[in-house]
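Engineer: Generate coordinates for the entire structure from the input sequences, incorporating the hints supplied.
In this note's numbering, the protein residues as written are 1 to 257.
Since the hints were derived computationally from the structure, they do not count as laboratory data. Wrong hints could be hidden among the right ones.
Claimed, not checked - Now the in silico label distances, taken between C-beta atoms and shown as ranges:
id: 1; residue 1: LYS27; residue 2: ARG177; range: 32 to 40 Å
id: 2; residue 1: ARG149; residue 2: LYS221; range: 32 to 40 Å
id: 3; residue 1: GLN47; residue 2: SER19; range: 21 to 29 Å
id: 4; residue 1: ILE9; residue 2: ASN245; range: 28 to 36 Å
id: 5; residue 1: ARG197; residue 2: PRO227; range: 34 to 42 Å
id: 6; residue 1: THR205; residue 2: GLU153; range: 24 to 32 Å
id: 7; residue 1: MET154; residue 2: HIS214; range: 37 to 45 Å
id: 8; residue 1: PRO121; residue 2: MET154; range: 16 to 24 Å
id: 9; residue 1: ARG240; residue 2: PRO173; range: 39 to 47 Å
id: 10; residue 1: PRO173; residue 2: THR142; range: 20 to 28 Å
id: 11; residue 1: GLN232; residue 2: THR13; range: 23 to 31 Å
id: 12; residue 1: GLU122; residue 2: PRO173; range: 26 to 34 Å
id: 13; residue 1: PRO143; residue 2: GLY28; range: 38 to 46 Å
Backbone N, C-alpha and C define an ideal beta-carbon position, used for all residues, glycine too.
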Amino acid sequence: MVATMEPRIQYATTNDGVSIAYAEAGKGKPLIAITAPGFSHTELSWQGWANVFPPLASRFRTAWYDARGTGLSDRHAIDFSTEAMIGDLEGVVARTGFDSFVLLAWNISVPTGVTYAVAHPERVSHLVLCDPLTTHSDWAETPAYRATRALLEMDWALFTETFGQVVWGFANPEFGRQFGELIRASSELEAQRALWRAMEGYDVTALMPRVTAHTLVIQNKNIRLIPPVVGQRVAAVIPRAIRCNRRHNLRTNGRLD
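Structural biologist: Here is the structure:
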């Protein structure tokens with residue numbers, strides 16, 4: 001049964017005083033989802049990603065949050081360094097009171113998840129990495145990356161409207177429009193540009209062999225931004241990892257199937 005109760009929006013405070021919005025829903029084993037900064041919104045994600053968060057909440061006590069500079073969190077705290085992202089996660093962990101939990105991370109948030117799992121093995125019982133990006137070189141040479149990076153520098157509105165289509169394909173214009181609305185609700189141009197600059201410094205290659213948690217690597221074959229070899233490599237170097245390929249689509253309602 002899928003949970004239908006609306007999530008509760010709450011706030012955590014990081015050690016450097018930044019206000020972080022997070023939502024919590026469901027019952028069961030605790031799970032914290034690190035959403036992609038700049039591409040998620042704590043409140044809107046419940047409906048926008050209705051095939052992700054409600055099903056998770058039907059099985060887990062699920063928490064997810066907006067990184068600083070995005071969503072409902074402090075928009076003035078624009079810092080997407082790994083240290084800042086870890087600080088946001090630590091603030092949410094402290095606020096929820098979770099002692100041990102499943103940690104789930106998507107693409108550009110994977111470096112945060114891996115770094116935290118290595119630093120706190122006693123807390124992370126299981127690690128789930130979806131469409132992982134572990135270093136800038138994982139995607140820097142893909143045509144999709146080059147196209148979206150150029151759009152971000154040239155035209156904010158066009159970037160937001162076309163990002164979803166560039167990544168997942170152009171068969172669904174309505175999805176591109178809806179995803180553009182989500183990006184604009186989640187972040188502003190200054191924050192997005194700061195995020196993409198920060199991502200150039202992300203690299204957890206050396207940390208992955210030190211992950212001790214049971215790890216599931218999920219690769220979406222439909223995403224053109226991330227080469228399949230990336231997921232293969234991640235699953236190969238994390239000692240207790242298994243890899244699962246999935247072919248899913250983002251439809252007109254913006255939901256993940």
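Engineer: Honestly, do LYS27 and ARG177 meet the 32 to 40 Å range at C-beta?
Structural biologist: holds (35 Å)
Engineer: Do the Cβ positions of GLN232 and THR13 conform to the proposed distance bound of 23 to 31 Å?
Structural biologist: Given about 39 Å between the Cβ atoms, the range is violated.
Engineer: Range first: 16 to 24 Å. Now tell me if the beta carbons of PRO121 and MET154 are that far apart.
Structural biologist: Violated: the Cβ-Cβ distance is about 44 Å, outside 16 to 24 Å.
Engineer: Would you say the C-beta atoms of ILE9 and ASN245 sit inside 28 to 36 Å of each other?
Structural biologist: holds (34 Å)
Engineer: Given the range 38 to 46 Å, decide if the beta-carbon distance of PRO143 to GLY28 lies inside it.
Structural biologist: holds (41 Å)
Engineer: When you take the CB atoms of ARG240 and PRO173, is the distance between them in 39 to 47 Å?
Structural biologist: holds (42 Å)
Engineer: Determine whether the Cβ-Cβ distance between PRO173 and THR142 falls within the hinted range of 20 to 28 Å.
Structural biologist: holds (22 Å)
Engineer: Is 34 to 42 Å respected by the C-beta to C-beta distance linking ARG197 and PRO227?
Structural biologist: violated (22 Å)
Engineer: Lying within 24 to 32 Å: is that true of the beta-carbon distance THR205 to GLU153?
Structural biologist: holds (27 Å)
Engineer: How does the Cβ-Cβ distance of GLU122 and PRO173 compare with 26 to 34 Å: does it lie in that range?
Structural biologist: violated (47 Å)
Engineer: With 21 to 29 Å as the target window, see if GLN47 and SER19 comply at their CB atoms.
Structural biologist: holds (23 Å)
Engineer: Determine whether the Cβ-Cβ distance between MET154 and HIS214 falls within the hinted range of 37 to 45 Å.
Structural biologist: Since the Cβ atoms of MET154 and HIS214 sit about 43 Å apart, the hinted range of 37 to 45 Å holds.
This entry does not satisfy hints 2, 5, 8, 11 and 12, going by the numbered hints stated previously.
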